[in-house]
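J.: Next come the chains, spelled out residue by residue.
Protein chains: 4
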Amino acid sequence: MLLESFNAQGALMAWDARLTSITPGACEISLPFSAAVSQQHGYFHGGVIGTIADAAGGYASNTLLMPVSECLTAEYKINIVAPGIGDTLIARGKVLKTGKTLVVSSAEVFAVQHGKEQLCAIMQQTLFVIDKK
Amino acid sequence: MLLESFNAQGALMAWDARLTSITPGACEISLPFSAAVSQQHGYFHGGVIGTIADAAGGYASNTLLMPVSECLTAEYKINIVAPGIGDTLIARGKVLKTGKTLVVSSAEVFAVQHGKEQLCAIMQQTLFVIDKK
Amino acid sequence: MLLESFNAQGALMAWDARLTSITPGACEISLPFSAAVSQQHGYFHGGVIGTIADAAGGYASNTLLMPVSECLTAEYKINIVAPGIGDTLIARGKVLKTGKTLVVSSAEVFAVQHGKEQLCAIMQQTLFVIDKK
Amino acid sequence: MLLESFNAQGALMAWDARLTSITPGACEISLPFSAAVSQQHGYFHGGVIGTIADAAGGYASNTLLMPVSECLTAEYKINIVAPGIGDTLIARGKVLKTGKTLVVSSAEVFAVQHGKEQLCAIMQQTLFVIDKK
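Protein chains in written order, with the numbering used here: chain A, 1 to 133; chain B, 1 to 133; chain C, 1 to 133; chain D, 1 to 133.
These aren't lab readings, by the way, just hints derived from the structure by calculation.
Check each hint, because a few of them may be wrong.
Where chains are identical, the list cannot tell them apart; a pair therefore holds if satisfied intra-copy or between any two copies.
As the list claims (entries may be wrong) - Mimicking DSS-like on lysine-lysine, the simulated pairs with C-alpha atoms at most 27 Å apart in a straight line are:
1. Lys100 - Lys116
2. Lys132 - Lys94
3. Lys97 - Lys116
The structure displayed is predicted, hence computed values, not measured ones.
Extracted from the complex, chain A is given alone in its bound form:
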């Protein structure tokens, strides 16, 4: 169900994003570099970095919620700490605190170049839990 939800996200599919790891309370997403994820200097776009950070935190939360309920992003805050230079972008999300109505998650995003990961963003996020119909 989690994978089904992920694969139904047109924006992530258009970028060829993949769920590369799911464990209880954690999630990893990666995507390859392409023109469709680039900014004006040929690096990964900050919006793409934000999007997979948001998704990684959200699906990390969903590992603890689905199939009974699922979450929606209420808000997130992201620091871009280095340019996203490389061939692959990896986001690792984890749950920091669960509640009945709100979940707090975080994610780190890494750009991979020549097989070496460099931290490029750090996110903190609040998710809202909704019952599945």
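We have chain A already, so just place chains B, C and D on it with the hints.
T.: What follows is chains B, C and D alone, placed relative to chain A:
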């Protein structure tokens, strides 16, 4: 130069995003709905909403900086306040405070359906000023 | 009831903070300079600035909720845009979006010196609505 | 010099806050419960929680900067994840990323009751580096 920078952003071009208004300290960006900007329920994806909010705040700042300098996003925080349901997404960014090194901006994002705008996100952002080489 | 809640906040009372205006969806709080609100350069402390911003956003929300329910801060993000230099600190909060469970507010904080207000901080906040017992 | 700066903060001194640990890139601050740090339910005030989180992230950064330079808070975002119930509040800050101009830090805040720590807040912060005159 600002438009040139905007049009060089592959991620925004892949979505057919347009700079629809630029005035000193303010900027408006819009983009049409398509599968490439959708999430699992067929609405505008939260990451897309975040991306154009970030871009709107950034280009609002660039109106005051270019061509002498330009800005990079240091961080942003966004609240998603309603689902992005509609045919068009519009982000309006404005500068709240300028400094020599940091600029603080905000943006509101609206989803347009049947010609009616609904607020779907509110962003607050810190940008870092860099000299153009 | 709102004033009663405000006056029961020991931290705000210790600083001699006052609710100087309440209208539906908005709230103003001010406090005088003293050693107890200072930082190492003799300005208003960033934590004090954050506290009254948070309180102003929270009580702005409470104007729409009390006495049926009230709100708790889920999270806030604040940009300090100038040092808090002056004899008085004023925070003005307003509600941006209300929901059944979450409210989004903002606040601006001003330092007043020689009768002139200078913007020193900008906050965006998410509040959680709880029923009053 | 770091301790001197800390002890010059009137707001923290008024609460009897203490620097309980300093190591390179990390810092711990604690303070005892009193009326001056309370909110309307008799718990630690959210503003106090935010203040010591901000200070813990800031002094964690200062451990890497002082005496050559020091930092000012540009912005922070904090999630309050549980009420601050207890006799002592402890904030632990650490540096996530250093740069020439900006430092990114985080902090966790715990309320201690009957000797047991409970996580009550999580913060992410951007600091601005300034040269000491």
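J.: Compare the structure with each hint and give your call.
T.: Hint-by-hint comparison with the structure:
1. Lys100 - Lys116: between (39 Å within a copy, 23 Å between copies)
2. Lys132 - Lys94: Within. Shortest intra-copy distance 22 Å satisfies the 27 Å Cα cut-off; inter-copy 33 Å does not.
3. Lys97 - Lys116: between (30 Å within a copy, 17 Å between copies)
When the structure is compared with the earlier hints, no violation turns up for any of them.
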